[in-house]
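K.L.:
Using this note's numbering, read the sequence shown as starting at 8 and increasing by one per residue.
It is worth saying that the hints were derived from the structure and are not from the lab. Wrong hints could be hidden among the right ones.
Here are the simulated distance ranges between beta carbons [unchecked claim]:
no., residue 1, residue 2, range
1, 353, 383, 16 to 24 Å
2, 387, 441, 25 to 33 Å
3, 370, 335, 35 to 43 Å
4, 467, 367, 56 to 64 Å
5, 345, 152, 30 to 38 Å
6, 113, 480, 21 to 29 Å
Ideal Cβ positions, reconstructed from N, Cα and C, are used throughout, including at glycine.
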Amino acid sequence: MMLRSATTECNGLVSARPLRYRLAALRTLGVAGSLVTVVGGLLAGVRPVGEVAVDLPIVHQVRASTALSVAVVYVGLTLLLLAWWRVGRQVRSGDISCRSLATTAAWWAGPFALTIPIFSGDVHSYLAQGAMTRAGLDAYQVGPAALGGPLTVNVPAIWQHTPAPYGPVFLNLAGGVTEMTGGGVWVGILGMRLLALLGVALLVWSVPRLARFCGVRPAAAMWLGVLNPLVLLHLIGDAHNEAVMLGLMCVGLVMALRRRPAVGVVLLTLATLVKAPAALAIAFVVPIWAQQLAGSRPRLRAAARTGAVAGVTALSVTALAGMSFGWVQALGTPTHARTWMSITTDLGWAVGTVLHHLTGVGVEQTRHAVWLVGLVVAAGLCLSLWRRSERIGPVTALGLSLAVLVIAGPVVHPWYLLWAIVPLAAAAGTAIRRVVTGGSVALVLLVLPGGVQPGLAALVGALAGTVPVLVVTAAFRRLRRGRGSASPVAEPVGSPARPALRAGRVLGRPRGGRRLVAPSALLAFSGGADQPAPARPFGPAGVDAPSAAGQRLALGGVVSTRRGSRPPWRAAAPLAAAGPGVCHCWWSSGPHRRHR
């Protein structure tokens, strides 16, 4: 991979600094953040019962202080967020490829793959339910308490007697892990992490390709959908089964857009048999398939074919697994845990408390009524988005529908938001991407480690770990600017003359002026971490860059209001066969090869 020089700020002059050094520094910062978070997780994370790996006197003393252990975790989280944010700025400038981002993700994820769960102990439930499947117990009728043994001891008390809400595909995968690891707790956790890493690997493959169909720059989609700290912390660190579900879901969408809708529906059905929310993606294959059909009533015929393929796949896989559809009845199991992040739960509790004092109506009855209203509203909004999917793009509509489902649902966990974040990272426009980016940062900082109870001590620890890092970072940046003004660095010998600009604005928008674009950075379209941003050169000599209006039309599934305009995903599907080096822009007269 050829790396270009990145511009840095030095007293209004432009200095050339090799990008590989800057990227290496950011990778190091991210690895440091991951390592510090892991150290804090050993103090405040979810420890398996009876583990002795960190039972040292000094560890016991630090662990006894909630504020100190939480502070260590938040120092690491803040460093990781800063590194992620700075990498996003490099992505916006168009200097980082998807391969570099994948390598960065591997470096940052390494520490989380080899430690105890930090924010959630659900992986213990996965192992127990998988062992139940291998032992011949019906995980859809009884809870892990019926199994007994070391795997059950680590399952939280709230889930000891609850049925599994997961499909037969996931339970058989978890059962395979427990069988290969001999029922051990530590090796079982590592096995589930390996399964999660395979799911993330599917995301690394599918998210950039999905972004090309939707008119979003692949590197920007990778940064927001794969390198996102939520993915590192919860999908890899806590080994949640969302990793497998999202990986299969995104690969299925890519297959559908590549004019293989039947294969896509099969993969999406397998994702649904891992976890139920992926079923929503099956519905959004219908407009994709309908676009590929000729004749009358294409959407009706596409819906019939989609339903037939999904039904046959679900019945066949369930029969081969030797299991039933009891997981559908157990979908309410997660509601046993009350989460403050759920709007409907909070509203139901508030309204229920008032009604209980006024009329004597039970709080639980009111809460369930509010849950039902929220799900009805979510269903209506999802139906509206499905009907408009041809105009806004099916992947964007799917991401928004999943976001509505999570927000209006009775239970919300940070990793649930990844259902929506991943497809939106590959398809959404500027405004939505900014909301998703800010929401990701907030979710990382708002969730305490699983081994700590919320309270004043935890709040003090979180602030003590976050604020000093931010203050030191701001002071360091100010010091760098001061040194730059005292000792400017000139252009390298032989470099073309360039105007004196403030740092970071050579490829951005200067004060009150026009956008300045480097001669080698004609825009194909903008889809960066926070647009607008330059991308790789658009094409070979003689191929003009598209107009600004054309660029706007290509962003993230957003379409023009002109009659007859077509969303990028509709025109991109026939062009996908030309390969990854093709710019699938529906506003262009044909596929143009991008410079690599």
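K.L.:
With reference to the structure, classify each hint as holding or not holding.
P.N.:
A quick look at each hint next to the structure:
Here the CB-CB span from residue 353 to residue 383 is close to 18 Å, well matched to the stated 16 to 24 Å. For the pair residue 387 and residue 441, the supplied restraint of 25 to 33 Å holds, since their beta-carbon distance comes to about 26 Å. Look at residue 370 against residue 335: about 28 Å separates their beta carbons, and that is not inside 35 to 43 Å. With their beta carbons about 40 Å apart, residue 467 and residue 367 fall outside the hinted range of 56 to 64 Å.
Separated by about 21 Å at the C-beta atoms, residue 345 and residue 152 break the suggested range of 30 to 38 Å. Distance hint for residue 113 and residue 480: a CB-CB separation of about 25 Å, consistent with the stated range 21 to 29 Å.
Going through the hint list in order, the structure does not satisfy hints 3, 4, 5.
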